[in-house]
Each structure stands twice: as structure tokens, then as C-alpha cells.
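A.B. asks: Letter by letter, the chains look like this.
There are 4 protein chains.
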Amino acid sequence: MALQSGPVMSLDEVNAFLVRDFPQIAPGRDFIVEAVGPLSARMLLAASEKHLRPGGTISGPSMFALADVALYVAILAQIGPVALAVTTNLNINFLRRPAPGDLIAECRLLKLGKRLAVGEVSLFSPGDDDPVAHATGTYSIPPV
Amino acid sequence: MALQSGPVMSLDEVNAFLVRDFPQIAPGRDFIVEAVGPLSARMLLAASEKHLRPGGTISGPSMFALADVALYVAILAQIGPVALAVTTNLNINFLRRPAPGDLIAECRLLKLGKRLAVGEVSLFSPGDDDPVAHATGTYSIPPV
Amino acid sequence: MALQSGPVMSLDEVNAFLVRDFPQIAPGRDFIVEAVGPLSARMLLAASEKHLRPGGTISGPSMFALADVALYVAILAQIGPVALAVTTNLNINFLRRPAPGDLIAECRLLKLGKRLAVGEVSLFSPGDDDPVAHATGTYSIPPV
Amino acid sequence: MALQSGPVMSLDEVNAFLVRDFPQIAPGRDFIVEAVGPLSARMLLAASEKHLRPGGTISGPSMFALADVALYVAILAQIGPVALAVTTNLNINFLRRPAPGDLIAECRLLKLGKRLAVGEVSLFSPGDDDPVAHATGTYSIPPV
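Chains as they are written, first to last, in our numbering: chain A, 22 to 165; chain B, 22 to 165; chain C, 22 to 165; chain D, 22 to 165.
It is possible that some hints are incorrect.
[Said to hold, decoys possible] Which residues of chain C face chain A? A few of them, derived with a C-beta cut under 8 Å, are:
(1) N36
(2) N112
(3) N114
(4) L116
(5) R117
(6) L131
(7) K132
(8) V139
(9) E141
(10) P152
(11) H155
(12) T157
No lab work stands behind these hints, which were simulated from the structure alone. Think of the CB as a built atom: it goes at the ideal place given N, C-alpha and C, for glycine as much as any other residue.
Kindly produce the complete structure, drawing on both the sequences and the hints.
C.D. replies: Now the structure itself:
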């Protein structure tokens, strides 16, 4: 597990990279990287009209997107912007209805191999300890 | 499997129900129900700016949304608009990069129980036999 | 989440229940419940011939069984031996080759509802912090 | 998808390979390859004491094992015994209680890439059209 060495990109570097190269996941800054750490990342999805379903809660596809991008950010911060990793599998369990408003994703990498990275992500309504959803996903990392 | 009896809602009834009650999944008619059958449904996601990633292909979250709604439609057509089913689990494998443009979802229910419905969905670029993604999902059906 | 109240069965009660009612998962005591806590359980799979693959490591199906029974035990300890819960979904990621010998499962319930319980399980070789596998599973809890 | 070209190993060759190199999955011939085809395989799990749970139905871990080995066989038949593929992910939905006795697995590969193979497997009680379980799995194929 790369000896749990720290991330090679700082929070500012990750955010700058996302804004420049992934405008689609940062349009108006809906997806905000709050922290990166060793094999981990925390993100916020700022609730805006296009992510909501009736009732004002974040929709399933937006929860999927938040989990997916949190995994991507955790990998990116750890290995640097050298490779174009792609999601190969994502499994998500929806656990309870979120409160209206923003969502937070806590991601932890379970494996960071040369070819595959696997991580888990818990999604929370801010201030609530019970997760609203939990995802596990795999990214394929292309050869350098 | 409930005697494989046919769906209780017609294609027109399903589309009318979606447009009226789920404006968020049919804004401008991006998600179009093309066919419903016994324990099955076929949907089209019409490519529009908000579903695309750079390169013009449908994004992962939009593929998730397409698979999820195809499952919902297959259940809805079979049991009618009587219950508010919710997704509890969705597992998706991304298999190959789609061609730029629309995507088609073919959904087949594997189980339609009183409390849980499980189905699988294959996503295709129109005219191509190799799926670009494959999902399996579970809906919880509330008590009547 | 039931206010995180403690389990209703003690470790001894859970083990006695398993030995009496589930001889198939406790033949010769391969699967040992080491601890139960609030929404959690820890189990040990004692390596024996029938669980091994060439090389002396625990096989994939036995890792599946360990994750599955750890989830069952965490639910059982929390709600008591009142209902016959059944697995409806289990998703497992194999992360790295385990060391030869025993395996430990750490299970944590993410949701314990009236109809569905969802939890995650990490599998470890004793003394190693990097998980060899990670599973997420759902049990259906029948009506009382 | 390798142009849907046929398998490179015959049924007899696959069975001989399994018996010789994987005694643990063919002890007394519980797992029998019934057919291999282009990107597909059909297997039988012959019910024997060790695979049963009370009631005489095949246990969950044995269903997992059957799905896993069916995927392995479909890959093996297609690419030959050249590489040591390993399971990286398996997601299984248990749909209904099987009838007591044997189980059949029908496997279909969804993707056979250079590094990853993905397939789906439906498990049936012989003579029954409704699947008792459905799995989706990924194998990692090592570099040649």
C-alpha cells in the first residue's frame, strides 16, 4: 500500500487540477475537495437545483457522482496527475433519505495497486453520523 | 415470477406518468421509454450537453441514472403506479467507452417480489452489440 | 439507527445459538465469533484443509462465507434470534493475497432497518493492517 | 470483443485442465463444465453434503463458488491456459430459494479485455426458468 506515504498533491493542487481539466465536475464549483490525506479524501457536494430531486434532497445519480469523484480525487492526490484513471466498477447502497441540502463524502482507499485502485466512500448529511449511502468502487490505472 | 403476466401499464401510460410525476428525470425528455414488456423495459437517453463529458460521450453518472430509471420503469410498468419504490442497491460495471451520442438501456427484471425487485440493465450505443456498461440493481417496494 | 443501543445477545449466547442452529457454519468450530458490539462483530476463520487453496491461503468462497456470516452475526447479536434473516446481496472486492492461515473479519452495520440491514466487512490476515478483502452486504429481515 | 471468435479450448481440454490444476474445485467432480462456447460457459454443481445447508439446498458460499468458477472457465476456454487470472470483484444477488439438489450456472462474458474480463452468471435449479441467483464478476488478467 505504498507504505501509507502521504499524498503527492496538495489540496490546492487537486482543486486547481479539477477546475482546469474537469470542468464538467466542477461547474460553478458544485464538487469541492475539502481535504486530502494519505489514501483518503473528503468532498462536499453543494446542493444546487440540478442535483436535487423533489423534496430538496440530493438525487441518486448525484450521490453516485459524488462517490465516484471522491474516489478519483483520493487516487489523484496520492499518485499525481500522471495517469487517466477510469472507473470500472461502482457498487452503491442507499441507506436512508438524506436531509435536504449538501452532502459530504468521506473516501478511503483500500488498495492502491499498479493497475487497480479500490476504495470505499461514505456519504453523510452534514452533522449527521449515520451515512445516507455507502459505495465501493474500482478504478483502472493505465500503464505509464 | 408472478406468472410472467404482462405489464399493467402501457408505454403511453408510463411516459405520461413519468412526465407528470418525475419532471426531474424527464426534463426536455432526455429519458425516453421506448418499450415496456413482461418484466422488461427499453429506454433511450438522448444525449444533451448536461449528460456529456469531454469527447461527447455520456458520463458515468448519466449512465447510472439511465440504468436506475430503466429499472424503475420496468417495475412501474409491471406493478402500476401504486407504490413509491426506491433504489436500495445499484452495482455498475463500465465495460468500454461509448460512442459519442445517445445510449440505449435494455432492462430485464430477475425478481419481482412483494418487498424487493431485482433487475439487470445493459447499456448500448445504438447499433452496437457490445454493451458499454452493465448494471444490477435492487428496488425496495413499500407495503401497500 | 436504533440509537446505537448495545447488542441484545452476549458473545456466549451468539456462539451457543450458532453451534446449535447452524451446524454447517460451525462444524468443528471453524467460524468463531470473537466479539460483538453495538452494530458490530468480529469473527475468526480458523484455517482448515477445506477452506484452503493451493499455497495454504483461504479460498475466495471461504472469504465470502466469512464475510456473510460476520454480517449475520452482527445482525443477530443486535436484534436477537427472533427472525430468519437471509442474504439478498453481497458484493466483495478481493484486494491482495492473504497470508497463509487464519483470517479475521471486522463487520460494521451501516443500517439496521425493519426490513433491510446493510453492513460492510473488512477481512484481514492476523497482524496485518491492510485488508485482503472487503465486502458489503444486505440481509432481508422477515416481518415479525 | 475479439470478434466473438470461438473458444480456444474444447470442453474436454477445460475439464482436464481443471482436474489436473485445480483439484480443490473438482474434488470428486462436484463442479462439472457442461459446455463452453464463444464468451460463454455452462456448469453444473452436483449437490453433495458439503455444499448443502439444512433443507438440502445449495448454500450461499457454494453458489458464490459456482458463479466464480463459471466465470473462470468461460475466460479460460476463451484465452487458453496461459495466464493466472484472479477474481477482483464479485457481486451476487440471491433471488429465491433453490430447489433441493443440483444447480446450473450459465455464464456470459460481457467484456474480455487485455487486463480485465467481466461477466455475468445466472444460477438455476435444473428445469426452472427463474434464476435463484445472479452474479456479476471481474477477473484481472496478468500481463503475458
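A.B. asks: Compare the structure with each hint and give your call.
C.D. replies: A quick look at each hint next to the structure:
At a threshold of 8 Å, the smallest CB-CB gap from C:N36 to chain A is about 28 Å, leaving the interface hint violated. With a cut of 8 Å, the hint placing C:N112 at the interface with chain A holds, because the nearest CB-to-CB distance is about 5 Å. The closest approach between the C-beta of C:N114 and any C-beta of chain A is roughly 5 Å, which is under the 8 Å cut-off, so the hint is satisfied. Here the hint on C:L116 is kept, as its CB sits about 4 Å from the closest CB of chain A, short of 8 Å.
The interface hint given for C:R117 is met, as the beta carbon of that residue sits about 7 Å from the closest beta carbon of chain A, less than 8 Å. Proximity of C:L131 to chain A holds as hinted, the smallest CB-CB distance being about 5 Å (cut-off 8 Å). Interface hint at C:K132: satisfied, since its Cβ lies 4 Å from the closest Cβ of chain A, which is below the 8 Å cut-off. A hinted interface residue such as C:V139 counts as satisfied when its beta carbon comes closer than 8 Å to some beta carbon of chain A; here the least separation is about 5 Å, so the hint holds.
A distance limit of 8 Å between C-beta atoms decides the matter here; for C:E141 the minimum to chain A is near 7 Å, and the interface restraint holds. Checking C:P152 against chain A: minimum C-beta separation of about 6 Å stays under 8 Å; hint holds. A distance limit of 8 Å between C-beta atoms decides the matter here; for C:H155 the minimum to chain A is near 5 Å, and the interface restraint holds. About 6 Å separates the beta-carbon of C:T157 from the nearest beta-carbon of chain A, less than 8 Å, and the hint is met.
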